[in-house]
Amino acid sequence: MAMLFLSGLAMASYFLALCYMLMTFISVSKLYATRHKNASMSRTTQLLLMTISLGCLFRTATFTTLCFLDFQHTDASLSPLSARFQVPDDTPHAEESDLSFYNKVVAVLFNLPDYLFVSAYLLVVLLWAETFQSSRRHWFSADQFHRKWMVFYLIFNGGLYLTQVVLYGLLFLKEDGAIAGIFDNDAGTRLALIPSLIFYTVAAADLALPAIILGTWMYLSVTLSGFPYKSVHAKAKLSKVGRVALVWSLGRILYSVMILLTFTKGWFNTEKDTVSMQSMLLVALFVLAEITPIYSLLDSDLLMMLSTDDYLPLGDK
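Heads up, the sequence shown is in the numbering used here, so the first residue is 2 and it goes up one at a time.
It is worth saying that the hints were derived from the structure and are not from the lab. Note that the structure is predicted; figures quoted are calculated from it, not measured. All C-beta atoms in this analysis are idealised placements derived from N, C-alpha and C, irrespective of residue type, glycine included.
Each computed BS3-like pair below joins lysine-lysine, with the alpha-carbon atoms no more than 27 Å apart: (1) Lys231 to Lys149; (2) Lys31 to Lys236; (3) Lys266 to Lys175; (4) Lys31 to Lys241; (5) Lys149 to Lys236; (6) Lys231 to Lys241.
Each pair of labels, with its calculated beta carbon distance range: (7) Ala205 to Leu19: 25 to 33 Å; (8) Val152 to Ser232: 26 to 34 Å; (9) Gln47 to Phe69: 31 to 39 Å; (10) Phe228 to Leu262: 41 to 49 Å; (11) Met305 to Met278: 36 to 44 Å; (12) Phe173 to Gly243: 38 to 46 Å; (13) Ser277 to Ser240: 34 to 42 Å; (14) Lys236 to Ala209: 25 to 33 Å; (15) Met278 to Ala209: 28 to 36 Å; (16) Ala209 to Leu289: 15 to 23 Å; (17) Lys266 to Arg138: 48 to 56 Å; (18) Val223 to Leu289: 32 to 40 Å; (19) Ser30 to Thr164: 28 to 36 Å.
Please model the entire structure based on the sequences and the hints provided.
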């Protein structure tokens, strides 16, 4: 007996599709406003808004697709996203192939935006680091600092997306004997190696970045400890960006921990008597781990503070 992946989302997929559709609209609107009204908005901030907009768009597409698949199966009384559904062992080969492809597509759709939000989180770290340095009067090279961070950003992202492409390619092209395309057992409670690696890669990246923030904070605190703040406004700006970075860090840690628990304990499929509870937990997870951090970044006051070139005038040169 093989199961459909992510069965039991019920109304959670509908609600989250609407939430991310709204966040997509807000983020695109903010991006448009910053590009046309704030010509001095830093490239880091603009890139961050673009990444968030794209991530929200992909999340919207993911949950909208799950809603559509749910609707398509309703007429046949087989709703894989609303109830536990198992495929008999004597299912014809063609149907098994379709089921395998379906599970792989759903896994990729669910996972693809994760990589974008990891990139967005890294940009939040970069924005915070630039703001930290720009808040003090010093003689260090701002251009050099920015270039080093951008090189790290490109290397980190390049490695992350290369890993993503390789894992997705192996998922669809390699015949590894996985049950229904992605499962490691007949009960559908354990993922095969490659699908597991796809989700664990995101969790590992999410857990690594807070450590990078801590290390960067310690380095900048020691390096710039003897230099005064440029102004009260610069100190307030750093405080506000720091709170946003903290919210993002807590959100990504929560998301990565839940991903690890979900895919090690087989919580991605639900039993009939727990479907409502698990659907509510899914909504709560995305609201706390992604939507709240995104909303904190799209704050109008914060974007107004960031409407300056953060990396050119960092120090007196």
